[in-house]
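For the record, the sequence lines run as chains A and B. Numbers 1 to 244, taken from the numbering used here, label the letters of the first sequence in order. Numbers 1001 to 1274, taken from the numbering used here, label the letters of the second sequence in order.
Mixed in with the good hints there might be a few duds.
Which stretches of chain A does chain B cover? Using the computed rule of at least three CB atoms under 8 Å from a CB of chain B, they are [what the hints assert, rightly or not]: (1) 65–71; (2) 74–81; (3) 157–165; (4) 196–207.
Not close to chain B: a few residues of chain A, all C-beta gaps over 10 Å, as computed [unchecked claim]: (5) R10; (6) A54; (7) R62; (8) N130; (9) V145; (10) P149; (11) K224.
Hints were generated in silico from the structure; no laboratory data involved. Ideal Cβ positions, reconstructed from N, Cα and C, are used throughout, including at glycine.
Read off the chains here:
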Amino acid sequence: MDQLILSSDRYARLWEGTQITLGVLAASFVLGVVLSLLFGVMRLSDRRFVRGFALAYVEFARGISSIVLLFIMAYAVPILFGLPQENVFILASVALGLNMGGYGAEIIRGAIESVPKGQSEASVALNLTNMQRLRFIVLPQAMRVILPPMGNLTIEILKGTALVSLVSLSDIAFRIDLFRTNAALAETRTPDWILYLNALVIYFVIAQIINGIFRYFERRTNAKYESRNRPLPASDVAPAGMVK
Amino acid sequence: MTTTALAPDMTDSRSWWQKPRNVAIVAGVVVFLAVLGWLGTRDLTFTTDVQPDGSTSFDWAFFWSLVPDMLNAMTVTAWATVTSFVVALVLGLFMALGRRSTMKWISWPVTAFIEFIRSTPLLVQLFFLYYGLPSLGIVLGPLQALTIGLGVHYATYCSEAYRAGINSVPHGQWEAATAMNLKPSTTWTRIIIPQAVPNVLPALGNFLVAGFKDAPLGFTVGVTGLMFFATTIQARYFRPVEPYILIGIGFLLVSLPAAWLVRRLERYMSYERI
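Just need the whole structure built from these sequences, with the hints factored in.
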């Protein structure tokens, strides 16, 4: 109990592991968001084929276990398609991103459906292209509904990045496990549970930071939305006589 | 004037356990779980007589020869999911009640624990239980570590669902219970929980499916489930493609119908409520 803290040398190695964890997280987050947007919009397409394809992807990505997908990506895909197997970082990020995209697409779809239909109709009336309608009218309003579940999903992906240690990427979980197996060589023996507790705390801190970032953006989008709905100043309100 | 027919529930005075259909469902579930418990606790070794053909990247004969072992491994994973989900359901309810407690010294640590478990990876939690705890003198077997790890992890999710369900019970129900001078224990068991739980059943069903997808992580602590099967085959025959594709298909075959059932339950529940 006297030493909950590890040596600074070990923290330096854990910091390297943290960078790998954050790298995988960032790569899979970017891919996940792109896939979410793409398939979330495709799920609402007018064409049956496009809708069906998006549904198939979403069901696949949500139905398969992330760990199985990761192992298929890291071991089976390179052999089947003749890809270089050395680049585990990219393969692992793609696996996690594919997984995130399935859940994210459902979030985006729900959020787009929550925007009142009149908004889309108005933008059609204003002769905006489909892209403009999505970019300037629908998504900014859907953002309020997207952000809270997206924050939770990002934390789920952070938890998922621990799995990459199993395909021998040296992230936090990998390095902590290495400390345990190398413990016999170390001069001072740290109890194993303290090692794992340290790893858990690092993950917890990262999750809280992600949470804070999403809270900040939630507050910003909400503030924008509130200001737009503020009652008009008195001078802009039509005189009582003009109202039918 | 014709008399309006009463809804079936209003003419039927039988309790839910007196209706044959419900009894059949419960009996079916019990038999299924008993068989699963019997199948899922066997000692398994994974091997096949078919030697893979090294010249192709995907050998169909080898693939089909793996199917029986995969099904055996599936029962282990499914049984581990069921046992840990029972832990999650019970523990989650207590966590939800603890978090709601008006006593700060109960609610604060419970809240902190829930937040901590929810935002840290299950993998490291399993390592903590299996490799970390022996240094404190607590030694857990593989299946015990997985059941506790997965159970506690999903208990925190379930507790959030329960909390939402409890909050969704109208305030008047509490006031009526107070007006009728019911004890707090009676209020909880007879008034609040019976109304809160049906609302959260679909959410709990989703967690069951999600738990099934996390259960193969048990291979890191030596539970002979699906991932254990695949890694064993990979190490023994140097063939990663077939076993991993096979368990991927196995997963989809179980979790897609399960997710579909949960969605049906969701629709049925919202229909019942209207």
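Okay, the hints, checked on the actual structure:
Counting residues of the stretch 65–71 of chain A whose beta carbon lies closer than 8 Å to any beta carbon of chain B gives 6, which reaches the threshold of three, so the coverage claim holds. Given as covered by chain B, the stretch 74–81 of chain A passes the check, having 4 residues with a CB less than 8 Å from a CB of that chain where 3 are the minimum. Only when three residues or more bring their CB closer than 8 Å to a CB of chain B does the claim for the stretch 157–165 of chain A stand; here the count is 7, and the claim holds. Under a criterion of three residues with beta carbons nearer than 8 Å to beta carbons of chain B, the stated coverage of the stretch 196–207 of chain A is upheld, 7 such residues being counted.
The claim that R10 (chain A) is not at the interface with chain B holds, since no C-beta of that chain comes within 10 Å of its own (minimum 16 Å). At roughly 16 Å, the least C-beta separation between A54 (chain A) and chain B is larger than 10 Å, which holds for a residue marked as non-interface. Listed as a non-interface residue, R62 (chain A) fails to keep its Cβ farther than 10 Å from every Cβ of chain B; the least gap is roughly 7 Å. Distance check for N130 (chain A) against chain B: the nearest CB is about 30 Å away, which clears 10 Å, and the non-interface claim stands.
Residue-level check passed: V145 (chain A) sits 17 Å from the nearest beta carbon of chain B, beyond 10 Å. Even its closest Cβ contact with chain B, about 13 Å, leaves P149 (chain A) beyond 10 Å, as expected for a residue assigned away from the interface. For K224 (chain A), the shortest C-beta to C-beta distance to chain B comes to about 28 Å, beyond the 10 Å cut-off, and the non-interface label holds.
Against the hints set out earlier in the document, a violation occurs for number 7 only.
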